[in-house]
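Enquirer: Model the full assembly from the supplied sequences, consistent with the hints where possible.
Heads up: the protein sequence lines correspond to chains L and X, in order.
Taking my numbering, the leading residue of the first sequence gets 1, the next gets one more, and so forth.
Taking my numbering, the leading residue of the second sequence gets 1001, the next gets one more, and so forth.
The set of hints was computed from the structure by calculation and includes no laboratory data.
One or more hints might be untrue.
Restricting the straight-line Cα-Cα distance to at most 20 Å, the calculated cross-link-like pairs of lysine to any residue (SDA-like) are [to be verified]:
| id | chain 1 | residue 1 | chain 2 | residue 2 |
| --- | --- | --- | --- | --- |
| 1 | X | 1091 | L | 106 |
| 2 | X | 1091 | L | 112 |
| 3 | X | 1091 | X | 1162 |
Keep in mind that this is a model prediction, so the values were computed, not measured.
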Amino acid sequence: MGGTVTPPPDQDDPGLARERTALAWTRSALTMAASGVLVARAAFVGDLPELGVVIAVAMATLSVLTWRNGQAIYRERREPSMPQRLQTTAFGVLTVATVLVAATAIVVTVAI
Amino acid sequence: MGESRAETHAETSSNAGATGPNAAGRDAAASEEHLLRRWLSFSARRERRLEQTGSDPDPRFTFANERTFLAWNRTALALIAAGLAAAQFLKFNLHGLRLIIAVPLIVLGAALALASYLHWEDSERAMRLRQPLRYSWMPRVLTGGIAVIAVCGGILAVVDRLIH
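Expert: Spelled out as C-alpha cells, the structure:
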C-alpha cells in the first residue's frame, strides 16, 4: 500500500484527456501565431523588414502544422486499439523553433 | 528512397561546388538541408529508443505529459514575447538599459524551452519504466528568474531617474 493512488487504467476510454490535449495543441498553435506577429512587428520596427517577413511566414506555417498535429491526435487516437505515437519529432520541432524565435528576438531587440 | 535522396543531395553539393554568383547561397542551402535531415534522423532514433523502453503507460498519463510540455513551451514563448515588449515599450533615458531587462527574459524563455523538452522525455521514460517521476527544477528557475528580473527593473528605473 504505497502513498500514491493510481486510477485503474482504462485503455478503452481515456475520457476527456484526448480532447484536453487537442485543445492544448490548439492553444500552442495560437501562441505560435501571436508570437510570430509580435516578433515580425518588432523586426519591422527595428528596420529589419526581410527578417520580419521570414519570421512571419515561418511562424504562420508552424502554427498551422501545430494545429493540424493536434487535430490528428484527436482523430487518430479515437481507436482504442491503436498504439500510442510518441511526439518526439513534433516536440523537437517546437523546441528548436522556440529557440530560433528567441535568437531572432535578441537580434531584433538589439536592433531597435 | 534514402539512396535517391542522397543522390539528389550529392548533385546539389557538386552544383554548389561549381563557381558561380549563387554558389555560396546554394552551398548554404544544401548544408542547411543536410543539417535538417541529420536532425530528423537523430530525432527518429531518439523516438525509437524511447519506444523500446519499458511498455506503454496509461494513455491518460501520456496525454497529461504532452499537455505539460505544451504548457511549458507556451510559457517559454510568453517570456520571449515579454522580452520583446520590454525592448519596444520601456523608455529609459539611457537607451541601452532596456536590454538588461529584455535579453534575460528572452534567454530564460529559450532555456525553459530546451529544459521542457528534456523534462518531457525524462517523464515519458520514467512512466514507461513504471518509475517515480523526477522533480523538475523549471518552476524554481522560472520563479527565481522573474523575481530577479523584476527587482533589476525596479533598481534600473530608480537609477535611470537619479542619473538624469
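Enquirer: Given the hint that residue 1091 (chain X) pairs with residue 106 (chain L), test it: the Cα-Cα distance must not exceed 20 Å.
Expert: Roughly 18 Å separates the two Cα atoms, so the pair holds.
Enquirer: Are the Cα atoms of residue 1091 (chain X) and residue 112 (chain L) separated by 20 Å or less?
Expert: 12 Å, holds
Enquirer: Taken at face value, is the distance from the CA of residue 1162 (chain X) to the CA of residue 1091 (chain X) at most 20 Å?
Expert: 15 Å, holds
In this structure, every one of the numbered hints holds.
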